[in-house]
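Participant: Please arrange chain B on chain A, whose structure you already have, making use of the hints.
The chain contents come next:
2 protein chains.
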Amino acid sequence: MTGQDEAPPAPSGRRSARDERRQPTIHDVARLAKVSIGTVSKALNGNGRLSAETRARVSALARQVGFRPNHLAQSLHRGQSFTVGVISNDNFGRFAMPIMEGLEECLAEQRISVFMCNATDDPALEARHVEQLLAKRVDGLVVTGRRADRRPPLQTPLGGLPILYVFSQTDDPDALCLLPDDRGGAFMATEHLAKLGRRRIAHVTGPERFEAVRLRRDGWRAALKSAGLAATDQSCLAGAWSEAWGREALDRLFAGKRPTPDAIFCGNDQIARGIADALRERGLKAPQDVAIVGFDNWLVIAEATRPLLTTIDMNLKELGREAGRRLMAMIAGEKQSGAHRLPCSLIVRESCGARLKAR
Amino acid sequence: MTGQDEAPPAPSGRRSARDERRQPTIHDVARLAKVSIGTVSKALNGNGRLSAETRARVSALARQVGFRPNHLAQSLHRGQSFTVGVISNDNFGRFAMPIMEGLEECLAEQRISVFMCNATDDPALEARHVEQLLAKRVDGLVVTGRRADRRPPLQTPLGGLPILYVFSQTDDPDALCLLPDDRGGAFMATEHLAKLGRRRIAHVTGPERFEAVRLRRDGWRAALKSAGLAATDQSCLAGAWSEAWGREALDRLFAGKRPTPDAIFCGNDQIARGIADALRERGLKAPQDVAIVGFDNWLVIAEATRPLLTTIDMNLKELGREAGRRLMAMIAGEKQSGAHRLPCSLIVRESCGARLKAR
Chain A
529 MTGQDEAPPA
539 PSGRRSARDE
549 RRQPTIHDVA
559 RLAKVSIGTV
569 SKALNGNGRL
579 SAETRARVSA
589 LARQVGFRPN
599 HLAQSLHRGQ
609 SFTVGVISND
619 NFGRFAMPIM
629 EGLEECLAEQ
639 RISVFMCNAT
649 DDPALEARHV
659 EQLLAKRVDG
669 LVVTGRRADR
679 RPPLQTPLGG
689 LPILYVFSQT
699 DDPDALCLLP
709 DDRGGAFMAT
719 EHLAKLGRRR
729 IAHVTGPERF
739 EAVRLRRDGW
749 RAALKSAGLA
759 ATDQSCLAGA
769 WSEAWGREAL
779 DRLFAGKRPT
789 PDAIFCGNDQ
799 IARGIADALR
809 ERGLKAPQDV
819 AIVGFDNWLV
829 IAEATRPLLT
839 TIDMNLKELG
849 REAGRRLMAM
859 IAGEKQSGAH
869 RLPCSLIVRE
879 SCGARLKAR
Chain B
529 MTGQDEAPPA
539 PSGRRSARDE
549 RRQPTIHDVA
559 RLAKVSIGTV
569 SKALNGNGRL
579 SAETRARVSA
589 LARQVGFRPN
599 HLAQSLHRGQ
609 SFTVGVISND
619 NFGRFAMPIM
629 EGLEECLAEQ
639 RISVFMCNAT
649 DDPALEARHV
659 EQLLAKRVDG
669 LVVTGRRADR
679 RPPLQTPLGG
689 LPILYVFSQT
699 DDPDALCLLP
709 DDRGGAFMAT
719 EHLAKLGRRR
729 IAHVTGPERF
739 EAVRLRRDGW
749 RAALKSAGLA
759 ATDQSCLAGA
769 WSEAWGREAL
779 DRLFAGKRPT
789 PDAIFCGNDQ
799 IARGIADALR
809 ERGLKAPQDV
819 AIVGFDNWLV
829 IAEATRPLLT
839 TIDMNLKELG
849 REAGRRLMAM
859 IAGEKQSGAH
869 RLPCSLIVRE
879 SCGARLKAR
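These protein sequences, in sequence, are chains A and B. So in the working numbering, the last one in the first sequence is 887, and the numbering has no gaps at all. So in the working numbering, the last one in the second sequence is 887, and the numbering has no gaps at all.
Pulled out of the complex, with its shape left as it was, chain A reads as follows (with noise of 0.2 angstroms):
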């Protein structure tokens, strides 16, 4: 090859282990069958004008030597790379895992492969990121974080490559953007515990500064009217995303003089758990006496919260599976943008009182 080197040399000592490992080639297939390359190709792909027997022969002496197709020199002949970048601001962490897994999945049974690259909200690397899947002819990048707020969009010298955001968002109007429906999963919380007869069902959530905070706390505030019941800014504590800050929450709701609540909707598994443990301490029975509903549907939260948790689910997995569907779309040359919501779950355990009533 020709052109600038950015690759580290080549260390000393590794012809050896290089040569052990040379795969065979189509070069050794044509002359063990002693026909010219462009017949053990035509072999091979099962087009162009060969006897049966010929494209049999070839096609068994491939076989036998393990001849593998090298997808380097496919993708520098088609302009296509089968490879797929994506960049994570979330370390690998718990939002990006299920959404890597299900875009994985999905991308794998298209036989394309994924680099996996950690940004760790460093722009300086993630524009190194970007240059290296770019030179390695990357045939889109998928962008991913820890949080689903606003970024700035991410910079690539190269127009025309799909690029989606999901789990992440930005404001060029052109980006195609994947995020789980906040709102509707909290309206789906709420009104599931009006439903069970509750009136009283206060908001407890993490910092303001994060949209899906602003989002979920809007979805309680249409099931509330929907439902017929008031929403009081009493009822709604905004904290941070803790077991602790659910029990200081469930403090105050207990401390003045005015109506408990029955219900509690919160802003995340942790804060449910904390409320859970916090009520138990008082005294107090959940679902009996307050019903809990959380959010993420975390199991090392939910299923370890006495009583079991109810919480939404965000689908994570299958928002990445949506996000490795579309990016193929865009591959393909379909142009897509916009934000898109997909719809959450609701995963009803004991904490809710759905089961009490079941009885």
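Incorrect hints may appear among the rest.
One copy or two, either will do: identical chains are not told apart, so a pair holds if it fits within one copy or between any two.
[Stated by the list, open to error] The calculated lysine to aspartate or glutamate pairs, modelled on DMTMM-like cross-linking and capped at a C-alpha distance of 20 angstroms, are:
#, residue 1, residue 2
1, K845, D649
2, K845, D779
3, K562, E633
4, K845, D650
5, K785, E633
6, K753, E719
Calculated directly from the structure, the hints in this document are not laboratory data.
Facilitator: Quick look at chain B alone, frame taken from chain A:
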């Protein structure tokens, strides 16, 4: 390219998007600079005999048109792709992710990109991933799992390809396996409790079929012996990796008339949290009545436990970095084999009582 076409057929309508994102090639630079391709190559690689003026002019033009070396072409030429494949059987889970983070960070510094594949413990899917990665001409493979127990060696038809197991191991004596030092970590935890003056140190742990359970128990026993303390069968309880098991085990330890423990070393953080909750619910105090040390330093558990959990950290990110360094050495031709165990660290918080002593 010639050869068997394994990749999916090109969808129609792609050409326009493809053309739009066509990257400038060395041919474009040569045409614009009115020199040969060989001259461009010499100018950009800084080698060959060329006037300083030509070198500067060609480099400036290459920058101007946004020329980027094509790694695919370089890889074909050199027989090294500067890519590595990771096969995870942890579904992008909590053990694989910090390992990936360290590995990717280490390799990214060397401009090596990482393909991430999820094999979900399915041997057929694992084999398809390996085949796919070999076709992509990866320079090496990393295998990781959700538990460090032995697994069958990765089946690859290619001798000499560097393969490394991290948080995973295999019987093949030629394989390189990197693991946390479970026994050493358990010794450290128990020794810490003994040095703080605890005399009846129980061990509550996970299922015995896990090698980690057996190694951690050995470490606990060895530390007790070295401190002149007794390990009895009654003071070691194996169960599930859950908070519920932690609570149940605490009840068992306090059920009989025999002396109750003044410290408990737990096989993981979830068990430790269950024990801390059950102690509080019995009206007992940690660490005053019973000191607790966990294992994993899984922050969502350790930092939510009351009191904050002292625990063992397996340093999985560092394990991933070490895997990256060793894999690069293997790619460079160095032979490496055997199981290597990297040290764990003790993270002192409040549950062990060290901070009480310090006051």
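Participant: Is it within, between, both, or neither for K753 and E719, if the alpha carbons may be no more than 20 angstroms apart?
Facilitator: Within one copy only: 10 angstroms inside, 59 angstroms across.
Participant: 20 angstroms Cα cut-off: does K785 pair with E633 within a copy, between copies, both or neither?
Facilitator: neither (54 angstroms within a copy, 55 angstroms between copies)
Participant: Is the C-alpha distance from K845 to D649 at most 20 angstroms within one copy, between copies, in both cases, or in neither?
Facilitator: between (22 angstroms within a copy, 18 angstroms between copies)
Participant: Please sort K845 with D779 into within, between, both or neither, judging by C-alpha distance up to 20 angstroms.
Facilitator: Answer is neither: 36 angstroms inside a copy and 38 angstroms across each miss the 20 angstroms cutoff.
Participant: Regarding K845 and D650, is the shortest C-alpha distance of 20 angstroms or less found within a copy, between copies, in both, or in neither?
Facilitator: For K845 and D650, only the inter-copy Cα distance (19 angstroms) is at most 20 angstroms; the intra-copy one is 25 angstroms.
Participant: Check K562 against E633 for me: Cα-Cα at most 20 angstroms, and say if that holds within a copy, between copies, both or neither.
Facilitator: Result: close neither inside a copy nor across copies, 41 angstroms intra and 47 angstroms inter.
Hints 2, 3 and 5, counting from the list given before, are not met by this structure.
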